[in-house]
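So for the sequence shown, our numbering puts the first residue at 1; every next one is plus one.
These aren't lab readings, by the way, just hints derived from the structure by calculation.
Pairwise CB distance ranges, derived in the manner of DEER restraints:
| no. | residue 1 | residue 2 | range |
| --- | --- | --- | --- |
| 1 | PRO129 | LEU16 | 45 to 51 Å |
| 2 | SER54 | ILE18 | 15 to 21 Å |
| 3 | GLY127 | GLN45 | 45 to 51 Å |
| 4 | ASP126 | ALA34 | 37 to 43 Å |
| 5 | PHE4 | PRO106 | 39 to 45 Å |
| 6 | GLU93 | PHE4 | 32 to 38 Å |
| 7 | PRO106 | ARG15 | 36 to 42 Å |
C-beta: ideal position from N, C-alpha, C; glycine also.
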Amino acid sequence: MPLFATTVAPDGSARLGIYGTGEASSAVLTTSPAGATELGLFDPQGNARTVLGSEKDGSSTLSFFDARGIARAHFAARPDGESRLAFHDIDGEARAVVGTGSDGTPAIGLRDKSGNARLAMALDPDGAPAISIYDAAGN
1 MPLFATTVAP
11 DGSARLGIYG
21 TGEASSAVLT
31 TSPAGATELG
41 LFDPQGNART
51 VLGSEKDGSS
61 TLSFFDARGI
71 ARAHFAARPD
81 GESRLAFHDI
91 DGEARAVVGT
101 GSDGTPAIGL
111 RDKSGNARLA
121 MALDPDGAPA
131 ISIYDAAGN
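Take these sequences, add in the hints, and give me the full structure.
Pasting the structure below:
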């Protein structure tokens, strides 16, 4: 097995795979003709565990996956200043989200197992706090 391999697809996307002792890639760097770049880190079984991405529009993401390939945490930063950190449950559903809007206002949200918003906390642009608590029906 080579230590690394490169490929260029017909659409112009390029891929560099770096291999460890097994046959599965340890790391893969890809670029697309649209300007996106992604770096994936893999476990010995070939499952993506960490993915760092950058989009043509300036957005950046960092995602972490469990051994089953389920997203467990995701961070995104957008060029307009919005950012978000989401924590996912064992089924991959976002349960806790912390973020800031493009104007810098912070917010925190918690969701139940069904994906319903149950608690939201935020500050408005003037710094005034708001807390919302919802029942299972969203009221």
